[in-house]
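Asker: As given, the protein sequences belong to chains A and B, one line each in that order.
Numbering follows numbering that gives the first Met the number 0, with no gaps: position 300 of the first sequence is 299.
Numbering follows numbering that gives the first Met the number 0, with no gaps: position 488 of the second sequence is 487.
Derived from the structure by calculation, the hints contain no laboratory data.
Computed from a predicted structure; not experimentally measured.
One should not assume that every hint holds.
Heads up, the list lumps identical chains together, so a pair's fine if it works in one copy or across two of them.
[Stated by the list, open to error] Below are the DMTMM-like pairs computed for lysine to aspartate or glutamate, each with C-alpha atoms no more than 20 Å apart in a straight line: (1) Lys124 - Asp467; (2) Lys642 - Asp693; (3) Lys326 - Asp270; (4) Lys675 - Asp693; (5) Lys675 - Asp26; (6) Lys25 - Asp672; (7) Lys354 - Asp131; (8) Lys642 - Glu699; (9) Lys395 - Glu379; (10) Lys71 - Glu347; (11) Lys25 - Asp118; (12) Lys25 - Asp674; (13) Lys564 - Asp292; (14) Lys149 - Asp397.
2 protein chains.
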Amino acid sequence: MKQFLILLVLFFIVTGVSAQQPMSLKDATLGSSSYLKPEMPEQVKWRDSNHFVMVKDSILLQQEIQKKNEMKIISLSELNAALKVNGLKAIKTFPRFSFIDPAQIWFRANNKVVILNLDNKKVIKNIEYPEDAENLDFCTTNSTLAYTIKNNLFIAGNSGVQQVTNDQEPHIINGTTVHRNEFGIDKGTFWSPAGNKLAFYRMDETMVGDYPLVDFMAREAELVNIKYPMAGMTSHQVKLGVYNTATKQTIFLKTGEPLDHYLTNISWSPDEKSIFIQELNREQNHMKLNQYDVITGDLIKTVLTEQDNKYVEPVHPILFSKVDPEKFYYQSRRDGWNHVYEYNIQGELIAQITKGDWEVTDLAGFDAKEENMFFEATKESPIERHFYRVNLRSGKTDKLTAEAGTHSCIMSPDQQNIIDRWTSTNIPGQLDLISLKKNGKQVLFEAVNTLKEFDLGENTVFTIKAADSNTDLYCRMIKPNNFDPAKKYPVIVYVYGGPHAQLVNKTWQNDARWWQYYMASKGYIAFTVDSRGSENRGKNFENAIHRQLGVVETADQMKGIDYLKSLPYVDVNRIGVHGWSYGGFMTLNLMLKHPETFKVGVAGGPVVDWSMYEVMYGERYMDTPQENPLGYQNSNMLNYADKLNGKLMLIHGVQDPTVVMQQSMQFLKKCIDLDKQVDFFVYPTHEHNVRGNDRLHLMEKISNYFLENL
Amino acid sequence: MKQFLILLVLFFIVTGVSAQQPMSLKDATLGSSSYLKPEMPEQVKWRDSNHFVMVKDSILLQQEIQKKNEMKIISLSELNAALKVNGLKAIKTFPRFSFIDPAQIWFRANNKVVILNLDNKKVIKNIEYPEDAENLDFCTTNSTLAYTIKNNLFIAGNSGVQQVTNDQEPHIINGTTVHRNEFGIDKGTFWSPAGNKLAFYRMDETMVGDYPLVDFMAREAELVNIKYPMAGMTSHQVKLGVYNTATKQTIFLKTGEPLDHYLTNISWSPDEKSIFIQELNREQNHMKLNQYDVITGDLIKTVLTEQDNKYVEPVHPILFSKVDPEKFYYQSRRDGWNHVYEYNIQGELIAQITKGDWEVTDLAGFDAKEENMFFEATKESPIERHFYRVNLRSGKTDKLTAEAGTHSCIMSPDQQNIIDRWTSTNIPGQLDLISLKKNGKQVLFEAVNTLKEFDLGENTVFTIKAADSNTDLYCRMIKPNNFDPAKKYPVIVYVYGGPHAQLVNKTWQNDARWWQYYMASKGYIAFTVDSRGSENRGKNFENAIHRQLGVVETADQMKGIDYLKSLPYVDVNRIGVHGWSYGGFMTLNLMLKHPETFKVGVAGGPVVDWSMYEVMYGERYMDTPQENPLGYQNSNMLNYADKLNGKLMLIHGVQDPTVVMQQSMQFLKKCIDLDKQVDFFVYPTHEHNVRGNDRLHLMEKISNYFLENL
């Protein structure tokens, strides 16, 4: 009896320890970005060369290099006390802040920009902005804040508020991002180095027709017009204004015609006298780096140009040397990979700094004398990111991060130390302090593995050959829980396939969407391959899809299918596919061009016909419908709807301003015309992605569709 | 061997005869209104008291009463020859025509109104109208055509074209139907008896906000605004103009305020001096029959009024006596049933002509001396229609049609003979000539039973008691093909449930939708019950639903479920429901209020919240949301979405201007908020009903939903 009890106790202990549960859909969907997201210190920043800070539990902590103890700098309550002294309202969470200098930080709090002295914990200054202000851009050099109210631009600083623009026409928009955030553009204001001038985008959309969206949640449905120029149509026109805060005058740079060109990657010269714009023609195959005089607006010169018979896509502003204001660093893919070049402002190439069959993914900076450059790159592997130092003269390159995985680093001001934030397949997150001098490493923080209680399918990464028989493609496969190689399992392919995205990475869980674990727990193999066209694999890998979207990607995806079909444990009659946006387009490609293979598909927010997609992205990859009619025809899913055989569901956000719902509507109409059954669902209040709690509903909808039909 | 051969031959003969096939979905959906619709002679009309005509195979034939032989009057080719003589283009099918007198007919042909003499087969006159003319109204008395171009009214006649209205504001609309075709209104122009004057509706919608629909089939989606005043909101304003064709002047009747009242059921006095309008207040509970002077526009008097604490719904214009111009006939439901009353124009009641617990469904006319009135009514049974004659003085009523079924009759000019077009459960269509004098009947035509080759489930009609335990409700049930009472069958309830519709009738196949036969062939019992609120059962039966739509109807529908559950062969765990429009609303009511009963539902074009439905219909049955907040709350399906348990699909026409898609959109949003799975489909180019070939796609979609889930 005693023995039995002991056994019973042992049984409970053992099962208690190993009682892993499959992941619920809620955990998979909502957990990954909230309660199951591994906790890491926030706002890790260098304060000076010997100290770095981080926020933990609403307290700003500081650590000295070489020492392991953390010191409190200021807590949220102390910060609120400082606000109160100045009559400012309290805030609820520790604000996102930036250092102005080691003593001062600035942050936003209740419609104020606040400058705080960390040493005496006192508010030095606060600048108010209106509640409906958007596009805030704070210049620490002159403590002046730029912001927009509706379509006009304002600045607020020591001399009060100045209205920079006063356009009555609501479709002339100042100070916001333009060109739909393509070409690396994510803002619309650019302070000059000393803060005396403010460059800003002015976008004229009056020549673009209104595109109707409808808010169905109103008491009576309400029209919400947007501007959505489609490929080949009249597009908006952008100029760059330069506002002089002293004279209160604006001049516009004489960027010339045709007016629907792209003004990308704005950089100020260090002396504030000129602005450099990477100007791209609408055809996107000819870029000029133009220098403009900010007093006259005149073109000073074209510093350099870049051409490509497919497309040029400038995404990095030039970076001026700090030791020689006549010199700048320029990133280009012109040799097939994104690399860094050293130029003088006469446009003469001094040197190609990095070189090789890999891509610089971030130019982090230089040492004081600019003898060495620090950068992040795919040099080790396309699915890893490491931090490197290259000597500008010798070309000698050192890899500064060690572990296989994805590293993101910040350098100390003296470039002697690096804080390395990294993850890897089994590392949910780690912070290391790397000393370059001592060649040593100190682990600062290891995130808790929030998934350790879950029973997850086996997750592996490997390569297959692309349809060109030569190129390696990275794949991720998750096997079903309790995998038995003697059984046959259905497969769900998760696909994106378009440019600027890479789904398989050596990050935690190999970048798997946790939904894939959920479906694996339901007995499905989850498979993903990054086909040609996807990110970080060089120019040729990406632009293989040019003018024929869907063709090469589909061929490569089918190589993934060939691989799957070669596996004895794959049920070749039960293969499904799901993707969103470009992945929705790819889902349609696969379902319609390979109806013999795919039994079930769910296409979310899909592009159906590229002529209904917007100008900037659409024309880069497809040219215009007028220039490339055959390409548009071949990539138009309406022309393949007659091949529909399996179960296909389209899902669209009714408010989608990115891939407009007419794409799905026209596909449905075509299916109806052809008497083909197709399924559909909408999220009435969502845009291009279903975010927030509603995402659980979406993933249930998608999961059920596979569970019921595959 | 010989014997075997004989047996074999016999076998083929027997099976050949009985080789009935179940009905395909295509036959059920598209066949019923086209290739499987029983053919009947078209345009059967009396020419004079001894002759009637009909069109068969594009030939106008004439038959003399008492004789059985048909005589050709004119063929399509002869008619085209006559057109050609006058330089008019040929037409492709025999036109819909009307007699002006026994010798002359008029019809429309290629933007012409043509008057043709049947005796000499010559065109007497033709009046041209523009290609974009709408709302044509031809006055045979003066050979003048009224029509609209966009929002303005024109007439064309002997003295050329006159522009009656010239409103530049497009939301002032002249000469069209108003008040969304409620109150029996189906046109917007009213010629005076001698054709000297034209009364017309003028609708001012400028005070009603634009309601946005979107045409997604355009190259870029296009906004299509409609006017859709919702219950409780500002509504349009209607006036009645009177145009004098001689003076070319228009006066507007002084119909007074409030301006959002309803001007219904326009009648001219025989002397053309006044117009009678059944004016209804916006609350729809007080009707005044007002007489206006058409010279001054002044109100002459209120002839009679009708009030009801629920609603008054005038749908029949008054009909003036031909023997005494001071007398008119008036239809009202004021005693609880629609009956005919005789009045003088002082508003004094002379007599109630019909009376009883049944409804007059058509006042067909009188004999020359107006001693007898002819009418169609539900006197025999609510699900039959017979033709009757009542003596105005004695009240003696004779039923003139014999067979149980649905009769629709036209009287000869001398009222001595009747052509009876009728159907019954097993009669797809029959034309009889009934002689009143001889009390005899001649069968003129018997339609071929187009369904005889089909194996159809048994179709029965019967009654159950309503939820009030007292009222009879008519039900129709179709049993599965090859019904076996020892088995258990799932049920699909097809429901409408709203006013102005009756689904169970003694017509061919008991008015079954053939889709019900299709589902019966798939093993489902098809069931329908006309609950309280539906048509032709008297005022109390209908208005039991007032201010609480969905409550009484649901209770009655559940009595149908109780009946079904009492049947040993019903699988009580597999009950589904489908309906469209009000039936979509009822589907939601049943699914959400009785989740324990209904496993699967398909709600097409459903009303979800009556406050999003239009003014005229909505306020009649629900009052305004301001007046009846609790009623609106209780009938709002958004408030029951949390009860959703079964599989529910909503379907909506994206262009629906009747039940706007926001109804479905808001329901989806609510389900998403509640994390309730629901399905949805849209028909991007369709309005409130999916018509034409696309209907097959719709019915496949609906059928599959039941086949897969029920």
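Asker: Regarding Lys25 and Asp672, is the shortest C-alpha distance of 20 Å or less found within a copy, between copies, in both, or in neither?
Answerer: Between copies only: 15 Å across chains, 38 Å inside a chain, cut-off 20 Å.
Asker: Tell me, please, which holds for Lys395 and Glu379 at an alpha-carbon limit of 20 Å: within, between, both or neither?
Answerer: within (15 Å within a copy, 104 Å between copies)
Asker: What label fits Lys642 with Asp693 when the C-alpha limit is 20 Å: within, between, both, or neither?
Answerer: between (32 Å within a copy, 19 Å between copies)
Asker: If the cutoff is 20 Å on CA atoms, where do Lys354 and Asp131 land: within, between, both or neither? Let me know, please.
Answerer: neither (47 Å within a copy, 69 Å between copies)
Asker: From the Cα coordinates, with 20 Å as the cut-off, is the pair Lys25 and Asp674 best called within, between, both, or neither?
Answerer: Between copies, since 11 Å is at most 20 Å while 36 Å is not.
Asker: Under a CA distance limit of 20 Å, which applies to Lys71 and Glu347: within one copy, between copies, both, or neither?
Answerer: Classified as neither: same-chain Cα gap 50 Å, cross-chain 97 Å, threshold 20 Å.
Asker: Using 20 Å as the alpha-carbon threshold, which applies to Lys25 and Asp118: within, between, both, or neither?
Answerer: neither (45 Å within a copy, 82 Å between copies)
Asker: Can you tell me if Lys124 and Asp467 fall within 20 Å by alpha carbon in one copy, between copies, both or neither?
Answerer: neither (61 Å within a copy, 76 Å between copies)
Asker: How do Lys326 and Asp270 come out at 20 Å by Cα distance, when the copy is not named: within, between, both, or neither?
Answerer: within (13 Å within a copy, 99 Å between copies)
Asker: Is the C-alpha distance from Lys642 to Glu699 at most 20 Å within one copy, between copies, in both cases, or in neither?
Answerer: between (27 Å within a copy, 18 Å between copies)
Asker: Using 20 Å as the alpha-carbon threshold, which applies to Lys675 and Asp26: within, between, both, or neither?
Answerer: Close across copies (18 Å), not inside one copy (36 Å); limit 20 Å.
Asker: Checking Lys564 and Asp292: alpha-carbon separation at most 20 Å within a copy, between copies, both or neither?
Answerer: neither (62 Å within a copy, 86 Å between copies)
Hint compliance for this structure: hints 1, 7, 10, 11, 13, 14 are broken, all remaining hints hold.
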